[in-house]
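S.K.: If you want the building blocks of each chain, they are given just below.
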Amino acid sequence: MSSVRQSRSSAAVLIIPFMVMFGLFFVAPIIYALVESLFSVKASGLGFGAPERIFVAADNYLAALSSSSFVGSLLRLVAFAAIEVPLMVVTAAGLALLIDSAHARFPKFFKIVAFAPYGVPGVIAAILWGFLYIPATSPVLQVLERFGLDLNPLSSGTVLFAIANIALWSFAGYNMFILLAALAAIPKELYEAARLDGSGELAIVWHVKLPLLRPSIVLVTVFTIIGTLQLFVEPLILRPLSTAIGSDFTPNLAAYNQTFGQGNPNLAAAMAVIVALLGFLFSFGFLQLVNRKGKSAW
Amino acid sequence: MVNTTLSRSRSRTRTRPRTPAPRPGLGARIVVNGVLGLTAVYFLLPLVWVLIASTKSPGELFGTFGLWFSDSPQALANIVAVFTQDDGLFGRWIANSLLYAGVGALGATVLSVACGYGLAKYVFRGREALFSLILGGVLVPATIVALPLYFLLNPLGVTGTVWSVLLPSMVSPFGVYLARIHASSSVADEVLEAARIDGANDLRIFGSIATRMMTPAIVTIFLFQFVSIWNNYLLPLVMLNSTSTFPVTLGLTLWNSQTQRDPAFYQLVITGSAVSALLLVILMVALQRFWRADLSAGASKG
Numbered sequence: 005m006s007s008v009r010q011s012r013s014s015a016a017v018l019i020i021p022f023m024v025m026f027g028l029f030f031v032a033p034i035i036y037a038l039v040e041s042l043f044s045v046k047a048s049g050l051g052f053g054a055p056e057r058i059f060v061a062a063d064n065y066l067a068a069l070s071s072s073s074f075v076g077s078l079l080r081l082v083a084f085a086a087i088e089v090p091l092m093v094v095t096a097a098g099l100a101l102l103i104d105s106a107h108a109r110f111p112k113f114f115k116i117v118a119f120a121p122y123g124v125p126g127v128i129a130a131i132l133w134g135f136l137y138i139p140a141t142s143p144v145l146q147v148l149e150r151f152g153l154d155l156n157p158l159s160s161g162t163v164l165f166a167i168a169n170i171a172l173w174s175f176a177g178y179n180m181f182i183l184l185a186a187l188a189a190i191p192k193e194l195y196e197a198a199r200l201d202g203s204g205e206l207a208i209v210w211h212v213k214l215p216l217l218r219p220s221i222v223l224v225t226v227f228t229i230i231g232t233l234q235l236f237v238e239p240l241i242l243r244p245l246s247t248a249i250g251s252d253f254t255p256n257l258a259a260y261n262q263t264f265g266q267g268n269p270n271l272a273a274a275m276a277v278i279v280a281l282l283g284f285l286f287s288f289g290f291l292q293l294v295n296r297k298g299k300s301a302w
Numbered sequence: 040m041v042n043t044t045l046s047r048s049r050s051r052t053r054t055r056p057r058t059p060a061p062r063p064g065l066g067a068r069i070v071v072n073g074v075l076g077l078t079a080v081y082f083l084l085p086l087v088w089v090l091i092a093s094t095k096s097p098g099e100l101f102g103t104f105g106l107w108f109s110d111s112p113q114a115l116a117n118i119v120a121v122f123t124q125d126d127g128l129f130g131r132w133i134a135n136s137l138l139y140a141g142v143g144a145l146g147a148t149v150l151s152v153a154c155g156y157g158l159a160k161y162v163f164r165g166r167e168a169l170f171s172l173i174l175g176g177v178l179v180p181a182t183i184v185a186l187p188l189y190f191l192l193n194p195l196g197v198t199g200t201v202w203s204v205l206l207p208s209m210v211s212p213f214g215v216y217l218a219r220i221h222a223s224s225s226v227a228d229e230v231l232e233a234a235r236i237d238g239a240n241d242l243r244i245f246g247s248i249a250t251r252m253m254t255p256a257i258v259t260i261f262l263f264q265f266v267s268i269w270n271n272y273l274l275p276l277v278m279l280n281s282t283s284t285f286p287v288t289l290g291l292t293l294w295n296s297q298t299q300r301d302p303a304f305y306q307l308v309i310t311g312s313a314v315s316a317l318l319l320v321i322l323m324v325a326l327q328r329f330w331r332a333d334l335s336a337g338a339s340k341g
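One line per chain: the protein sequences are A and B, in this order.
Sequential numbering from 5 applies to the first sequence in this note's numbering.
Sequential numbering from 40 applies to the second sequence in this note's numbering.
I should point out that these hints are in silico values taken from the structure, not numbers from a laboratory.
From the three backbone atoms N, C-alpha and C, an ideal C-beta is built for every residue, glycine too.
Keep in mind that a hint or two might mislead.
Unchecked claim - To give an idea of the chain A side of the interface with chain B (calculated C-beta under 7 Å), a few residues:
1) 26
2) 37
3) 107
4) 116
5) 234
Between the sequences and the hints, there should be enough to build the whole structure, so can you do that?
M.R.: The structure is reproduced here in structure tokens:
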């Protein structure tokens, strides 16, 4: 009996500190955002006296969704995800499979090189690529110009790709690591059996490695979707360099501007909630899709 | 049963010659290593560029080819300029980043390892619901937390202080997730039972036995959180207003925003980026072997 009591209090001592911090700094702000998104602060009558806080139900959401610049930023975010997610997953999986293949010469060196950008903060990555995107400082563009190719990665047609490239550079190596670890966990006997059956390397990749990588690929995809929706830093940094990036380029930038620029945190809260819902929709939609298509991945 | 078949198949491969892996064809070898070589160039390009650029004078930045040194490299002068600008503010930023990332990651590790272990080893009502709630936290984009958090902390007078960045950085739902998965698989119940019979108190068992068995997970959680705090931009941007409390990410963007006004800041931003990128890349490469990515991968099998 006493041991049960002891174990109860021990469990509490172990779990409660995190839950308190989680509640204060994670759950509370989300609830606060949900509540605030339903209210609006109006200056009273003639502008004298304290401003009034009134319940406006879905007005903020309607205002956000009827603002063409916010809807534009949402659509831009979806387009960005459509570029970034497949690019990231295919690159990370491709690199992991190449390193894992018997042909790779310096796998250790390559792993370190690919992982290094993960240690560079997104802001600094954006600053560095910014220099590589303008002809005045970019050796790549200068060389291409010699060959008659006049590229401007920050023009309106390519700016999403330019940003996707920064995110790819930062995280492809990290995702590759997750997939490499999953590849290392595959028993080598399976490859031998496949070889005895006459399978070549490519057939092994297709019929053995990829199916066994599936859960990890799903994981990487979901994390990439979530990361994609946070798009904020890169356009903020690249903005002075490009006329193609407006102040409300992504929903997060729009929410940030509403909060600190326009002084409308209630509208900003509604915008943030919309982005979070979009994230849940995408991740769960994706999980639904992979689970329906075959063996449960999770 | 499983064990015997496994060991039998193993002994058979030992007595018979292993099926030789097919000799890689020359073509395949060239393709694989060619692609890997090109991607290595891609990953290194911005880092090599910034290292070379940090040895140039502000004027040479725009006049010379980016991937080769100028005739009169001045790396030292640039580094001195970075560390003496605004009375050594840059050193302060680096120290702040170390403080936020180091202390924040330490706190996050202690909190999430204890919680993950507790969720793995104690059965109680509502346990799975609690875990699902925490897991949901992994999927929440950071923006929806940071902006409202400002309004919650502002009336308390916490915004603008070091605490407004440190305390939220100590919450890592992903850390709890990793710790629980790892505790379930690597801390055997029998060991805990034996220690209990020997009269050890539950918290002592956690502190001196379980944590030792969970070392790989603990290191991974610490490093993961360290890097995410070091790289974080939005939270300090929202919370801090005095440059003396800025982490290096925020500080460098402050300098970056002044390049329009004074082009001399270009060189400060570039050398500053090179220094801070190099710092963390060295740390990552040095600690890479402790970084168990397979833990996060294995987690998806759980």
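S.K.: Close enough to count: is the Cβ of residue 26/A nearer than 7 Å to one in chain B?
M.R.: Holds, because the Cβ-Cβ distance from residue 26/A to chain B comes to roughly 5 Å (cut-off 7 Å).
S.K.: Taking the closest Cβ pair, is residue 107/A under 7 Å from chain B?
M.R.: holds, 4 Å
S.K.: Mind checking the CB of residue 37/A against every CB in chain B and telling me if the closest is under 7 Å?
M.R.: The hint holds - residue 37/A has a Cβ within 7 Å of chain B, the shortest such distance being about 4 Å.
S.K.: A closest beta-carbon separation below 7 Å is what the hint needs, so does residue 234/A meet it against chain B?
M.R.: Holds, because the Cβ-Cβ distance from residue 234/A to chain B comes to roughly 5 Å (cut-off 7 Å).
S.K.: Double-check residue 116/A for me: the hint is only fine if its C-beta lies closer than 7 Å to a C-beta in chain B.
M.R.: holds, 5 Å
Of the numbered hints listed earlier, not one is contradicted by the structure.
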